[in-house]
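Enquirer: Here is what each chain is made of, one letter per residue.
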Amino acid sequence: MSTVTATVTIEDPIGFHARPAGQIVKLVKESGLEIRMGKVGGNLVKANSPLGLMAMKGKTGEELTVEVDTEDEAQAQAIIDQIQQFLKG
Amino acid sequence: MTQQVLSGLGVGLEAVTAEVFRVRQAEPLPIPAKHSGDIDAEQAKLRKAVDEVSSELESLAEKAGETSAEIFEALGMILLDESLFDSAVAQLDDGWEAGTAFVNAMETFAELLSGDPTFEERIADIRDLAKRVAANIHGIFLGLDLPETGKFVIVGEDFSPADTAQFTSAVVGVITIQGGPTSHTAIICRSKSIPAVVSCSGAKELKDGQMVLVDPVGDRVVIGGTAADATKAISFVAKSTEPVIPVRSNIGSLEDAVAAAATAAEGVGLFRTELLYLSATTEPTIERQIQSYTEILTACPEGPIVVRTIDAGSDKPVPFLKMPDEENPALGVRGFRLVRDHREFIVSQLEALEEARKASGREVWVMAPMVATAAEAKEFASLAKAAGQFKVGIMVETPSIVYEISKLKGVVDFISVGTNDLSQYLFASDRMNPNLGAMLNPWQPALIASLNQIAIESKKAGIYSGVCGESGSDPAFAVVLAGMGYDSVSSSRSQVGAVRTALSSVTHDEAREVFEAAISGHDSDEAKSLALTKLGEIAK
Numbered sequence: 146m147s148t149v150t151a152t153v154t155i156e157d158p159i160g161f162h163a164r165p166a167g168q169i170v171k172l173v174k175e176s177g178l179e180i181r182m183g184k185v186g187g188n189l190v191k192a193n194s195p196l197g198l199m200a201m202k203g204k205t206g207e208e209l210t211v212e213v214d215t216e217d218e219a220q221a222q223a224i225i226d227q228i229q230q231f232l233k234g
Numbered sequence: 015m016t017q018q019v020l021s022g023l024g025v026g027l028e029a030v031t032a033e034v035f036r037v038r039q040a041e042p043l044p045i046p047a048k049h050s051g052d053i054d055a056e057q058a059k060l061r062k063a064v065d066e067v068s069s070e071l072e073s074l075a076e077k078a079g080e081t082s083a084e085i086f087e088a089l090g091m092i093l094l095d096e097s098l099f100d101s102a103v104a105q106l107d108d109g110w111e112a113g114t115a116f117v118n119a120m121e122t123f124a125e126l127l128s129g130d131p132t133f134e135e136r137i138a139d140i141r142d143l144a145k146r147v148a149a150n151i152h153g154i155f156l157g158l159d160l161p162e163t164g165k166f167v168i169v170g171e172d173f174s175p176a177d178t179a180q181f182t183s184a185v186v187g188v189i190t191i192q193g194g195p196t197s198h199t200a201i202i203c204r205s206k207s208i209p210a211v212v213s214c215s216g217a218k219e220l221k222d223g224q225m226v227l228v229d230p231v232g233d234r235v236v237i238g239g240t241a242a243d244a245t246k247a248i249s250f251v252a253k254s255t256e257p258v259i260p261v262r263s264n265i266g267s268l269e270d271a272v273a274a275a276a277t278a279a280e281g282v283g284l285f286r287t288e289l290l291y292l293s294a295t296t297e298p299t300i301e302r303q304i305q306s307y308t309e310i311l312t313a314c315p316e317g318p319i320v321v322r323t324i325d326a327g328s329d330k331p332v333p334f335l336k337m338p339d340e341e342n343p344a345l346g347v348r349g350f351r352l353v354r355d356h357r358e359f360i361v362s363q364l365e366a367l368e369e370a371r372k373a374s375g376r377e378v379w380v381m382a383p384m385v386a387t388a389a390e391a392k393e394f395a396s397l398a399k400a401a402g403q404f405k406v407g408i409m410v411e412t413p414s415i416v417y418e419i420s421k422l423k424g425v426v427d428f429i430s431v432g433t434n435d436l437s438q439y440l441f442a443s444d445r446m447n448p449n450l451g452a453m454l455n456p457w458q459p460a461l462i463a464s465l466n467q468i469a470i471e472s473k474k475a476g477i478y479s480g481v482c483g484e485s486g487s488d489p490a491f492a493v494v495l496a497g498m499g500y501d502s503v504s505s506s507r508s509q510v511g512a513v514r515t516a517l518s519s520v521t522h523d524e525a526r527e528v529f530e531a532a533i534s535g536h537d538s539d540e541a542k543s544l545a546l547t548k549l550g551e552i553a554k
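Here the protein sequences come in this chain order: A and Z. Quick note: the numbering used here has the first sequence finishing at residue 234, numbered continuously throughout. Quick note: the numbering used here has the second sequence finishing at residue 554, numbered continuously throughout.
A few of these clues could be false.
[Unchecked claim] 35 angstroms max Cα-Cα, derived DSBU-like pairs, lysine-lysine:
{"#": "1", "chain 1": "Z", "residue 1": "LYS206", "chain 2": "Z", "residue 2": "LYS330"}
{"#": "2", "chain 1": "Z", "residue 1": "LYS48", "chain 2": "A", "residue 2": "LYS174"}
{"#": "3", "chain 1": "Z", "residue 1": "LYS405", "chain 2": "Z", "residue 2": "LYS330"}
{"#": "4", "chain 1": "A", "residue 1": "LYS233", "chain 2": "Z", "residue 2": "LYS165"}
{"#": "5", "chain 1": "Z", "residue 1": "LYS336", "chain 2": "A", "residue 2": "LYS202"}
{"#": "6", "chain 1": "Z", "residue 1": "LYS62", "chain 2": "Z", "residue 2": "LYS165"}
{"#": "7", "chain 1": "A", "residue 1": "LYS171", "chain 2": "Z", "residue 2": "LYS206"}
{"#": "8", "chain 1": "Z", "residue 1": "LYS253", "chain 2": "Z", "residue 2": "LYS330"}
{"#": "9", "chain 1": "Z", "residue 1": "LYS165", "chain 2": "A", "residue 2": "LYS202"}
{"#": "10", "chain 1": "Z", "residue 1": "LYS165", "chain 2": "A", "residue 2": "LYS171"}
{"#": "11", "chain 1": "Z", "residue 1": "LYS145", "chain 2": "A", "residue 2": "LYS202"}
{"#": "12", "chain 1": "A", "residue 1": "LYS233", "chain 2": "A", "residue 2": "LYS184"}
Simulated from the structure, these hints should not be mistaken for lab results. For clarity, every value in this text was computed on a predicted model and none was experimentally measured.
Use the sequences and the hints to build the structure in full.
Expert: So, in structure tokens, the structure goes:
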């Protein structure tokens with residue numbers, strides 16, 4: 146299985162808080178794919194855990210790595226765009 | 015059937031008869047414990063509890079409004095977080111029983127999240143989630159479980175904001191053993207027009223299923239009483255179309271402003287601005303403030319609008335102002351005292367109000383809360399006058415400022431008395447202490463004497479005077495205030511009509527007679543009954 150990797154930015158003025166974490170987890174669960182996220186250069190966590198995502202304590206302006214395990218690049222891109230959208234607040 | 019009378023403090027004017035429903039007190043959770051060795055059974059218990067709490071959350075989300083529903087949804091996802099469950103299973107392996115394991119697992123995450131202001135409230139929420147799961151496992155009852163149908167008078171020690179939010183339509187009356195006339199329960203019951211008797215220590219004896227009369231006008235509960243036993247409220251009959259002094263409304267939000275405009279209120283006597291900030295984690299931009307204020311000012315009932323600058327303290331913190339914990343928040347850095355560390359914020363509030371004043375074309379008066387000295391009043395007046403074209407005033411709620419009103423001549427245009435805080439500071443009685451409710455009764459002779467002195471001093475200094483505390487929502491007390499010489503009162507929105515009618519039923523001289531009757535009372539009961547008797551004579 147190949148992995149699509151991208152970078153997204155936290156634009157939400159409050160940072161990476163509970164609501165975007167919940168929205169991302171919902172999206173990940175619906176996709177049925179394994180998706181990992183983490184600060185650029187840091188450890189990645191499975192994006193199906195809201196607590197794991199919140200525990201990153203992502204701040205406004207910080208960049209995050211997103212990895213999506215899939216063969217379908219178009220689907221991966223759609224998911225990444227959606228995640229970026231959630232992080233706009 | 016023999017009747018038994020329990021006395022307390024009444025809230026509201028209507029009586030109601032219904033069955034007693036005693037609210038069960040939340041039980042404490044058991045202390046952390048180990049399980050007996052059957053890990054699979056513990057894991058099954060945990061899974062079942064998590065699922066049940068998850069469906070409870072779903073039903074709460076359905077009941078809640080749109081914004082809260084999103085919070086419940088996010089909490090639901092946290093509850094079902096697989097890494098959380100895995101970490102709880104690891105706790106089971108260490109020997110902890112299911113409830114303790116889940117609380118411990120959640121605590122690990124709570125610690126990871128702590129120290130970050132973004133998550134402060136969420137941490138309380140997720141700890142509460144863990145508690146709910148543990149309570150479910152141990153069959154412990156945590157919250158209110160009120161009937162949804164039928165008609166009940168609910169009886170409890172006192173009710174928190176979380177409790178009153180769950181009042182169903184089956185709650186037709188409320189009795190609290192503790193709590194005073196300014197307690198949260200009293201304020202909510204008044205605004206929802208639910209008859210209540212608070213500070214009723216005899217209510218401890220009430221049993222489920224007993225029929226009781228909640229008789230707020232008589233300040234009592236009658237076991238076995240019927241509607242026929244209810245004390246008649248003085249029915250004020252308006253003699254003129256205009257009240258002797260204007261009746262304004264208290265507001266705190268755009269919804270309040272819209273609703274107040276539908277009443278007969280003449281302007282707004284207290285616009286509490288802190289509600290706009292209490293939930294903001296970052297300081298709202300000046301543009302955002304101007305927009306909110308313009309919307310609200312535009313919606314207000316016709317007449318002047320008295321805006322109170324931010325009234326926050328460490329017990330009512332505004333997240334972005336970062337207020338350190340204090341031993342005695344009521345006596346701490348609150349209200350206008352915030353000017354020491356947050357002068358720019360107060361100035362930005364005044365500047366936003368000036369822009370909103372121009373945009374709305376309304377007459378705006380501004381006042382500062384918690385002013386203790388004439389020097390502070392002067393400081394606020396110069397800030398406010400530099401910021402815009404307002405009438406400028408202060409709240410009178412500390413005993414010290416009462417002695418300096420004469421020095422406010424030429425400094426401020428008006429004063430507005432906050433009777434709730436004035437009582438708290440005058441009687442050295444914490445508003446939040448449910449045992450001290452009786453001290454906060456507006457009919458206390460010392461409060462009446464103090465209010466009278468404030469009215470006299472203001473008049474001498476040529477300063478306009480008003481009252482915006484809860485006492486201004488009591489129709490009979492509003493007449494007493496008019497008798498003292500106050501220029502206006504401001505009431506909770508639901509009471510504007512009743513207060514207006516009371517103030518339209520008397521002349522200035524008659525209001526004076528009612529005040530003189532009240533001030534001759536030796537205790538709060540006597541003061542009230544003398545005033546009501548006088549009002550009864552006038553009505554004849």
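Enquirer: Does each hint hold? Answer for all of them.
Expert: Against the structure, the hints come out as follows:
no.: 1; hint: LYS206/Z with LYS330/Z; verdict: holds (23 angstroms)
no.: 2; hint: LYS48/Z with LYS174/A; verdict: holds (34 angstroms)
no.: 3; hint: LYS405/Z with LYS330/Z; verdict: holds (27 angstroms)
no.: 4; hint: LYS233/A with LYS165/Z; verdict: violated (48 angstroms)
no.: 5; hint: LYS336/Z with LYS202/A; verdict: holds (19 angstroms)
no.: 6; hint: LYS62/Z with LYS165/Z; verdict: holds (34 angstroms)
no.: 7; hint: LYS171/A with LYS206/Z; verdict: violated (38 angstroms)
no.: 8; hint: LYS253/Z with LYS330/Z; verdict: violated (43 angstroms)
no.: 9; hint: LYS165/Z with LYS202/A; verdict: violated (48 angstroms)
no.: 10; hint: LYS165/Z with LYS171/A; verdict: violated (41 angstroms)
no.: 11; hint: LYS145/Z with LYS202/A; verdict: holds (24 angstroms)
no.: 12; hint: LYS233/A with LYS184/A; verdict: holds (16 angstroms)
Of the hints listed earlier, those the structure fails to meet are numbers 4, 7, 8, 9 and 10, in rising order.
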